Amino acid sequence: MTSQRIAVERDPVEPGPDRPLTIWVDGEPVTGTAGQTIAGVLLGAGRRQWRTTREGGAPRGVFCGIGVCFDCLVEVNGLPDVRACLRRAQDGDVVADQGAPPSGGSLPEVTS
Amino acid sequence: MIERVDVAADVVIVGAGIVGAACARALARAGARVTVLDRVAAASATSAHGEGNLLVSDKGPGPELELAKVSLRRWAHLADELADELGPLFPSIEHEAKGGLVVVTSADGLDGLRGFAEAQRAAGVEAVEVTAEQARELEPDLAPGVVGAVYYPQDAQVQPVAAAEALLASARRAGAVVRTEVEVTGPLLGDGGRLTGVATTRGEVSAGAVVVAAGPWSAEVAERLGARIAVRPRRGMVLVTTPMRQRVRHKVYDGDYFAATQSAGAELQTSAVIESTRGGTVLIGSSREQVGFDDRLSTQVLAQLARRAVAVFPFLARTNVMRSYLGFRPYMPDHLPVIGPDPALPGLWFATGHEGAGVGLAPATGDLLAAGMLGLAAAVDPRPYAVDRPTLRPRVAHGEALA
Amino acid sequence: MSKGLRHVVVVGAGPAGLAAARAAAEAGARVTLLDAADGLGGQYWRHLPAARPAGREHVLHHRWSTFGELSGALRANPAVTVVESAQVWSLERPDGGIRLNVLVGEPDAVGRAVLVLEPDALVLATGAHDRTLPFPGWQLPGVYSAGAAQALAKGERVAVGRRVVVAGAGPFLLPVASALLWTGATVVGVHEAAGPGALARGWLSRPWELAGAAGKAGELAGYVGELARHRVPWRPGEAVVAAHGDGQVEAVTIARLDERWAPVAGTERQVEADAVCVSHGFTPRLELAVAAGCALSPSRFVVVDDAQATSVPGVWAAGEITGIGGADAALAEGAVAGTAAAGGDLGVVRVAVRARARARGFAARIEAAHGVRGGWVRWLRDDTVVCRCEETTYGRVREVVELTGSHETRSVKLTSRAGLGPCQARMCGRTLQELLGDAPGGDSDAGGTAPGVDRRPLVVPVRLGDLASLPSTSASTSP
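Quick note, the sequences are listed as chains A, B and C, same order.
Just so we're aligned, residue 747 is where the first sequence starts under the working numbering, counting upward by one.
Just so we're aligned, residue 2 is where the second sequence starts under the working numbering, counting upward by one.
Just so we're aligned, residue 34 is where the third sequence starts under the working numbering, counting upward by one.
Everything labelled a hint here was simulated from the structure, so no lab data went into it.
Bear in mind that the values here come from a model prediction, so they are computed numbers and not experimental data.
Virtual Cβ for every residue (Gly too), placed ideally from N, Cα, C.
Hints are not guaranteed to be accurate.
To be verified - Some, not all, of what chain C presents toward chain A, calculated at C-beta under 8 Å:
no., residue
1, Leu93
2, Ala146
3, Gln172
4, Gln281
5, Ala284
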């Protein structure tokens, strides 16, 4: 795992004890702790990419980490364009890749 | 220090927006030596702050519609001509003959729209009345309150900045010279007071004729040259959403759009014009206000645009608006562009006053202007667009009195 | 709340905004402090949220006690209203005043609460974000701005990688490396683009001035010692010129740079890393200042006078939007701005006035030593992404410029699509202007002399439904 949350018992900053929460990412459970952002939960669990770009189909995740670059956009509970680095995760949040191509819909994809 | 570089040109065009670009291309291809001057940069003002509308749907029978019919046909050919001429790497002008759909939400609105469409059909516009159900086949996400619609297959769209750059690039290939960051400061006058060029912040440019195509700033340019034109700025604001999967397929208007374009009132008017772009954004335009060149943001205007758009497409309520921009359209009191010579100042020509229709009307404007200047046959009768037409006469007389 | 008191609104709760709010309250004003985040402190004092209270948070911070004092004082003062999660999304200029339109609630949510403020005085302390120059592969997951690495370390206790390369320019790279070490990561190296010559000219000229900025110098010396203890090499005159990997970063190419920041051929070496954190300086967050009509300097900061007043009556500015001077400068400027905005006596904050003078000297040194040099363009390739949102490449930008003959930023944006995406050119705007050689003011708006790519009338995206449901009157609402 490249990115990870520091285990509370090994953290010199001594954060309070974990209060686990689970978010659902493209159907899979990912566990974090209360107070984390969605990006924090994902990175903390070793996930570094959760968006696919519209044009090139390239993977993206966090870049600026402070809400400026809009690279980390996700769909949260059906609402697109939520900055994962700013939104605090709630237990049960359903998170989806908003850049993925439409799944079997009849609408034409924008071409350029 | 003013740099004194004398340049000679057959025609100087003041303004490198979409109208100036179309005039430059038409004149250069007809053999004129053309110099285009812009005080800022090409396609940086009005042309960059609109939506790229090519519309017949908002025009009732009359001279503007006649010009639009010709011009929209020209755009369809131009898109191919420019692509062939400039090559596949040149930014696409994104011409899309997507068609327009005017929707109404009340029985009264439907009656009004029907009557308008009938008159348009008599004037040669394709205006197809569709049921609410058919409208929803065209646009599945329409609001449930839509009771009827008229479909306008001729309505189309271009990306106006790319289109202006393409027209200018084509004009340059025909020998035109485009000079930016050059501001006109005064006239060069010859024998008998004839206009023989312009003085600028970068020297003098002599010419056989000068065309003012400076959009809403045309009155100011004309004044510097010693002439008058009754063009005024009319402000429009546009909202841009973040990119999304395409859900708006046509240009979709609420039925009020017609009323707003035809009104001369100075008060704020909005009616939604909603459309997707190739970049995946949705554009929501456009307000119309007469507030001079005031460029201050107005949240009230943005809120009105938003309310109209959500009333037509409820799903838009959850989309993000990432930008708003505002532009100034060149507004004429009689809602017709001015294309032709100034009777009071020999050597001066105008191609301005298109209000929100400049992108759509640009090709026909360029052709008409070139025909007038070079004595060629014109595709439309030029008289309705003349500077001294009856509907503008009181103001022209006023200008003459001052001159 | 007393109607007679002067109402000062402070936007931004980093060091400058906190100091401004306290000073304004102490000078007798009624104060409203707004911040988009759900906690105070800004990026400098980014910390764990209330849901994860930490025992030893101070180990990650400098002047942590100052933060405690400031935030404590503000929360205890009945004349101060702190509104967190408060996003100012636009600023209007009705005749004779300023109106702030604010949405309060979760970031990017639908249906946030509407707050409209028409203050007597406004203090802008909106801060800055990293500026990262593009390089091949910088769009790969695993490449972060240096600020992201620090924010994740401080605010999430997340390590962005195990083997991390830090690169870019400026003293900020040092605390970033420190924050990474505190996550347990191995920092492979810190690569500073400025070469020894520039560093000497910037930092060693007039050394007597540095003694005055002892706090800042001491802070940096602390970081240098920390890097040495962890055997982290600090290498001036070097840059990450490419990141490599299949779907995420696996390695980077590091090269030596010449004085102009152009890579020196033959000096490239590949280093394995699973994360790279890059910052080449800072871009001030100017949206509100631009919307208010504040004059900007040629180097794109808000122009202020000795009282931190901007060119617009009723608007003051402090912190990084007036120049990149660090937290000491921000605290001093904030105290001056808050006092002045409240109509107070600047004699009371003499100490801050003197501290500001010292800190500004420090800012000038940072620019002299670490300011971006044009040679970096040489590490771009035609397929290097310049605009991350629209995936416009350097080659495409060059092609469009050549074909259209236009060097004007607005036109090139609209024909190449660079800068048109959701970040609205926050990431690539400055880069585009440099590549085009366009004067900063050249991206004119509606033919006027608007301030280029920094003009964003909507400060952040707003849900269309929230716009639609704005009340149709524009009277200000509480607080």
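Verification of the supplied hints:
no.	hint	result
1	Leu93	holds, 6 Å
2	Ala146	violated, 17 Å
3	Gln172	holds, 6 Å
4	Gln281	holds, 6 Å
5	Ala284	violated, 13 Å
Violated hints, in rising order: 2 and 5; the structure is consistent with all others.
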